[in-house]
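Student: Let's have the full structure, built from the sequences with the hints guiding it.
In case you want the letters, here they are:
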Amino acid sequence: EDKVVQSPLSLVVHEGDTVTLNCSYEVTNFRSLLWYKQEKKAPTFLFMLTSSGIEKKSGRLSSILDKKELFSILNITATQTGDSAIYLCAVEGNSGNTPLVFGKGTRLSVIA
Amino acid sequence: GAVVSQHPSWVICKSGTSVKIECRSLDFQATTMFWYRQFPKQSLMLMATSNEGSKATYEQGVEKDKFLINHASLTLSTLTVTSAHPEDSSFYICSASGGFSYNEQFFGPGTRLTVL
Numbered sequence: 007e008d009k010v011v012q013s014p015l016s017l018v019v020h021e022g023d024t025v026t027l028n029c030s031y032e033v034t035n036f037r038s039l040l041w042y043k044q045e046k047k048a049p050t051f052l053f054m055l056t057s058s059g060i061e062k063k064s065g066r067l068s069s070i071l072d073k074k075e076l077f078s079i080l081n082i083t084a085t086q087t088g089d090s091a092i093y094l095c096a097v098e099g100n101s102g103n104t105p106l107v108f109g110k111g112t113r114l115s116v117i118a
Numbered sequence: 009g010a011v012v013s014q015h016p017s018w019v020i021c022k023s024g025t026s027v028k029i030e031c032r033s034l035d036f037q038a039t040t041m042f043w044y045r046q047f048p049k050q051s052l053m054l055m056a057t058s059n060e061g062s063k064a065t066y067e068q069g070v071e072k073d074k075f076l077i078n079h080a081s082l083t084l085s086t087l088t089v090t091s092a093h094p095e096d097s098s099f100y101i102c103s104a105s106g107g108f109s110y111n112e113q114f115f116g117p118g119t120r121l122t123v124l
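So the protein lines, in turn, are chains A and B.
Okay, so the first sequence: first residue is 7 according to this note's numbering, each after it adds one.
Okay, so the second sequence: first residue is 9 according to this note's numbering, each after it adds one.
In case anyone wonders, no lab produced these hints; they're calculated from the structure.
Quick caveat, the model's predicted, so the values are computed rather than measured.
In the DSS-like style, the derived pairs of lysine-lysine whose C-alpha atoms are separated by at most 25 Å in a straight line are: (1) B/K49 with A/K46; (2) B/K49 with A/K73; (3) B/K63 with A/K46; (4) A/K110 with B/K49; (5) A/K63 with B/K49; (6) A/K62 with A/K9; (7) B/K74 with B/K63; (8) A/K63 with A/K46; (9) A/K62 with A/K110; (10) A/K43 with B/K49; (11) A/K110 with A/K74; (12) A/K74 with B/K49; (13) A/K46 with A/K110.
Label-pair restraints from in silico Cβ distances: (14) A/R37 with B/E95: 21 to 29 Å; (15) A/S57 with B/N59: 36 to 44 Å; (16) B/S26 with A/D23: 44 to 52 Å; (17) B/K49 with A/E32: 21 to 29 Å.
Virtual Cβ for every residue (Gly too), placed ideally from N, Cα, C.
Tutor: Shown next as structure tokens:
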């Protein structure tokens, strides 16, 4: 059964802290792993990862994929209150009954 | 807990036909269901929000006559893409919520629609 597990489920940090969010997965015929940020309505796309060991970076956010160990991490440095959101990880497979599997998300709260 | 399923997972259809996608909450009652569309490497685009027993609320730019949404029970919502065209080919993803908070959504696995 395809599945995505995110940890921690929730996290509270102070502004300026660095956080690491985890996403482990089991999926048939892995195609890509996606990270989203959800604040209000629709999740906002952050990164798509397809290859191991290549870090994707956007400002204070970065992410990397390990296809051997089947996990990805999302790092946020120098956190700000605007980073407070639910961060979703999803994995796309190439076959089977679950083309896109979402994790339950990590709820990040950044306090001043 | 909080499992959401979609059916079918993959569908290929001819241009001009209609396709129905089901979204079910398997182990909880979903008072609200959301339908999204996703293009590669883009954010999920919210199409509509449906509450059980009432008409769906469509986002601006989404044609309600083309994307028919029915939320007949607390565990089932359907999206029908009417008279599908190749430009409708996309990932359609539903999520379900037991409350009215956008922050408490559980996502289905998506349906990959290809219109020939």
